[in-house]
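> Residue 343 in this note's numbering sits at position 321 of the sequence shown; the count goes up by one each step and never skips.
It is possible that part of the hints are untrue.
What the hints assert, rightly or not - Calculated lysine-lysine pairs in the PhoX-like style (CA-CA distance at most 20 Å, straight line):
| id | residue 1 | residue 2 |
| --- | --- | --- |
| 1 | Lys39 | Lys70 |
| 2 | Lys39 | Lys49 |
| 3 | Lys269 | Lys104 |
| 4 | Lys208 | Lys251 |
| 5 | Lys39 | Lys29 |
| 6 | Lys49 | Lys309 |
| 7 | Lys269 | Lys258 |
| 8 | Lys139 | Lys401 |
| 9 | Lys126 | Lys137 |
| 10 | Lys139 | Lys402 |
| 11 | Lys402 | Lys190 |
| 12 | Lys126 | Lys89 |
| 13 | Lys126 | Lys104 |
| 14 | Lys401 | Lys126 |
| 15 | Lys313 | Lys70 |
| 16 | Lys30 | Lys68 |
| 17 | Lys269 | Lys309 |
| 18 | Lys104 | Lys402 |
| 19 | Lys327 | Lys309 |
If you're looking for bench data, these hints aren't it; they were derived computationally from the structure.
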Amino acid sequence: MSAIEIKKVESRRDLCKFIDFHNELYKGNPYHVPNLYFDEMNTFRKDKNAAFDFCEAEYFMAYRDGKAVGRVAAIINHSANKKWERESVRFGWIDFVDDIEVSKALLKAVEDYGKSKGMKEIVGPLGFTDMDPEGMLLYGYDQLGTQATAYNYPYYPEHMDRMGGWEKDNDYVEYKLYVPEEMPEKYATIAKMIQKRYNLQVKKLKRNEIYGENGYGRKIFQVVNETFKDLYGYSKLTDRQIEQYVKMYLPMADLDLITIIEDWNTPDHKVVGVGISIPSLARALQKCGGKLFPFGWWHILRALKFHKTEVVDLLLVGVLPEYRQKGANALLFYDLIPHYQRLGFKWGETHVEMETNMKVQGQWQYLNREIHKRRRCYKKDI
Numbered sequence: 023m024s025a026i027e028i029k030k031v032e033s034r035r036d037l038c039k040f041i042d043f044h045n046e047l048y049k050g051n052p053y054h055v056p057n058l059y060f061d062e063m064n065t066f067r068k069d070k071n072a073a074f075d076f077c078e079a080e081y082f083m084a085y086r087d088g089k090a091v092g093r094v095a096a097i098i099n100h101s102a103n104k105k106w107e108r109e110s111v112r113f114g115w116i117d118f119v120d121d122i123e124v125s126k127a128l129l130k131a132v133e134d135y136g137k138s139k140g141m142k143e144i145v146g147p148l149g150f151t152d153m154d155p156e157g158m159l160l161y162g163y164d165q166l167g168t169q170a171t172a173y174n175y176p177y178y179p180e181h182m183d184r185m186g187g188w189e190k191d192n193d194y195v196e197y198k199l200y201v202p203e204e205m206p207e208k209y210a211t212i213a214k215m216i217q218k219r220y221n222l223q224v225k226k227l228k229r230n231e232i233y234g235e236n237g238y239g240r241k242i243f244q245v246v247n248e249t250f251k252d253l254y255g256y257s258k259l260t261d262r263q264i265e266q267y268v269k270m271y272l273p274m275a276d277l278d279l280i281t282i283i284e285d286w287n288t289p290d291h292k293v294v295g296v297g298i299s300i301p302s303l304a305r306a307l308q309k310c311g312g313k314l315f316p317f318g319w320w321h322i323l324r325a326l327k328f329h330k331t332e333v334v335d336l337l338l339v340g341v342l343p344e345y346r347q348k349g350a351n352a353l354l355f356y357d358l359i360p361h362y363q364r365l366g367f368k369w370g371e372t373h374v375e376m377e378t379n380m381k382v383q384g385q386w387q388y389l390n391r392e393i394h395k396r397r398r399c400y401k402k403d404i
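Produce the complete structure using the sequences and hints provided.
Below, the structure is given as structure tokens:
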């Protein structure tokens, strides 16, 4: 058998191959959800992704006998390294055929890149920031993926174990939350109490309130920054990133599925909590193969605007620390659950949550729920 050849992605054509390899590897898999092609391209392009203000990266492809057999991104997030006092190179967007020599070669390429930059450890799978897919799927292979996460075959973690030297750095869990037929009494009781006692109020957005220097789009991600600042590997979103994510997430969002909590005791009605959810795009993305044209846009539109899905994705849920103790999370779901019921959603899918984050997981305690996926980030000294 011929040796594995590692090639660095150096051109736009190479980058297209990098993206296409993943889609070819998972073609026909009933649980894999392809990403929108132009979103992927904008994420990887150094002239498009605002994360490159504080990150540097290289992408590598593995070939055997001229055929692509794997890919990986090597990323250094200088902002996160400084915050967490680590010297880490991240590996992300890793895919490979079931051949241990391929996975070894890919991770060796990341390791060599990290060493050349003075890094002391390799961690992943991680993206540029927390807004990118995180963690390698450990179980839940028979569960439909989501737009915001990455699916992988069961042999991926088997390779990590076989290679040796790798250890757990962090595990994530994902919950399936069943939409109740009636509002849980606890949510209703707490929500009414905090509205009266603390003057916390629900704000529903209008399109003309989202954009601009003082728009709610910017306020939403400022809350996200404050809420997530102490979570594993988080790096603060810059103004340019916030502008990018406002344009990415909010233009076509159903505003009924976005809830803002404001503190009306403050002169400017300070935003203290946010819940952003969208109809699941998983089936729509499968149907269009991640491409909007010629007809992919129709499948996306049907999911977003006409809610042709029984699943709702909880993309971002964040409440400022000092308001969690007051029960602001309950007020979020007290507002959102009736919308989920009206639109016919059967269950919701949480984003990845650290297994040790009991405060986040505690907010689901009044719902029928199950952990249906688990992911892991690995680390190794280099």
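> Within 20 Å, alpha carbon to alpha carbon, are Lys30 and Lys68?
Status holds; Cα separation ~15 Å.
> Has the given pair, Lys126 with Lys89, been kept, meaning a C-alpha gap of at most 20 Å?
Judged against 20 Å, a Cα distance of about 17 Å means the pair holds.
> Are Lys39 and Lys49 close enough, with their CA atoms no more than 20 Å apart?
Holds. Lys39 to Lys49 sits at ~15 Å (cutoff 20 Å).
> Does Lys139 pair with Lys401 here, judged by a C-alpha cut-off of 20 Å?
Holds. Lys139 to Lys401 sits at ~17 Å (cutoff 20 Å).
> Compare the distance between the alpha carbons of Lys327 and Lys309 with 20 Å, and conclude whether the hinted pair is satisfied.
holds, 17 Å
> Decide if the proposed pair is consistent with the structure: Lys126 and Lys137, CA atoms, cutoff 20 Å inclusive.
Given pair Lys126, Lys137 holds - Cα atoms ~16 Å apart, limit 20 Å.
> Assess, step by step, whether the Cα of Lys402 is no farther than 20 Å from the Cα of Lys190, and give holds or violated.
Holds, because 9 Å separates the two Cα atoms, which is no more than 20 Å.
> Do the alpha carbons of Lys126 and Lys104 lie within 20 Å of each other, as the hint requires?
violated, 28 Å
> Need the status of pair Lys104, Lys402: alpha-carbon distance at most 20 Å?
Roughly 19 Å separates the two Cα atoms, so the pair holds.
> Take a quick look at whether Lys401 and Lys126 sit within 20 Å of each other, Cα to Cα.
With Cα atoms ~14 Å apart, Lys401 and Lys126 stay inside 20 Å; holds.
> Starting from Lys39, check that the Cα of Lys29 is at most 20 Å away, please.
This hinted pair holds, its Cα atoms lying about 12 Å apart.
> Sort out whether Lys251 lies within 20 Å of Lys208, counting only the CA atoms.
Not satisfied, since the Cα-Cα distance of roughly 29 Å exceeds 20 Å.
Hint violations for this structure: numbers 3, 4, 13 and 17, all remaining hints satisfied.
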